[in-house]
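Engineer: With the hints as your guide, set chain B onto chain A.
Chains as they are written, first to last, in my numbering: chain A, 1 to 113; chain B, 114 to 225.
Hints were generated in silico from the structure; no laboratory data involved. There could be a bad hint or two in this list.
[What the hints assert, rightly or not] Partner residues are not named here, just some residues of chain A that face chain B (Cβ under 10 Å, in silico):
{"hint": "1", "residue": "W22"}
{"hint": "2", "residue": "G40"}
{"hint": "3", "residue": "R48"}
{"hint": "4", "residue": "E50"}
{"hint": "5", "residue": "S95"}
{"hint": "6", "residue": "R109"}
Glycine included, C-beta positions come from ideal geometry on N, C-alpha and C.
Now for the letters of each chain:
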Amino acid sequence: EAGVVQSPRYKIIEKKQPVAFWCNPISGHNTLYWYLQNLGQGPELLIRYENEEAVDDSQLPKDRFSAERLKGVDSTLKIQPAELGDSAVYLCASSLNRVETQYFGPGTRLLVL
Amino acid sequence: DAKTTQPTSMDCAEGRAANLPCNHSTISGNEYVYWYRQIHSQGPQYIIHGLKNNETNEMASLIITEDRKSSTLILPHATLRDTAVYYCIVSFTQGGSEKLVFGKGTKLTVNP
Chain A
1 EAGVVQSPRY KIIEKKQPVA FWCNPISGHN TLYWYLQNLG QGPELLIRYE NEEAVDDSQL
61 PKDRFSAERL KGVDSTLKIQ PAELGDSAVY LCASSLNRVE TQYFGPGTRL LVL
Chain B
114 DAKTTQPTSM DCAEGRAANL PCNHSTISGN EYVYWYRQIH SQGPQYIIHG LKNNETNEMA
174 SLIITEDRKS STLILPHATL RDTAVYYCIV SFTQGGSEKL VFGKGTKLTV NP
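Next comes chain A alone, as it looks inside the complex (with noise of 0.2 Å):
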């Protein structure tokens, strides 16, 4: 069975440009969760969704980050413009519904010059 894909797995970009990641879970989990991790800390929750809807955004910096699942598999999270704090490693996860255990993806580590 396929695991948690994203892409791409490293991006570097000058501060001010967008960016975009993309996450393919793993087939049937209906719950999806985009984390940051900074250098040397854990991973921290920015978004959850329950199929289709955003069901916990409140750490999502909603100025700067947007995040989608359209069609309830999915998922892209955006952030415009990227500014130099951004730089981390963004991780998808999907379980196979909200009380389920979390299966993380390999994540893509962003650098932002």
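Structural biologist: The following block gives chain B in isolation, referenced to the frame of chain A:
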């Protein structure tokens, strides 16, 4: 949400058992203990979880004390590939959903 306390780092000899401790003294009765690990440049990998009873799977064993205030993750025969950051997490329910709050974890180094 219950906080966890883990040692910053630990070392283990290859082939020996690695015992990783975790304190979670404020855990509530319906909160699970989860363990994940993160190998360098990879996403966190689920290892095991439990509520009250000890659990074992193909990766590890989880020993939870009777008062549930602490637990130990046991890797019975550590290999070099087990070198990683190990996160002990107490999940809590918010809005009907299980939430994971990661700390900084324990950096386990398995030495040859």
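Engineer: Looking back at the numbered hints, which does the structure fail to meet, lowest number first?
Structural biologist: 1
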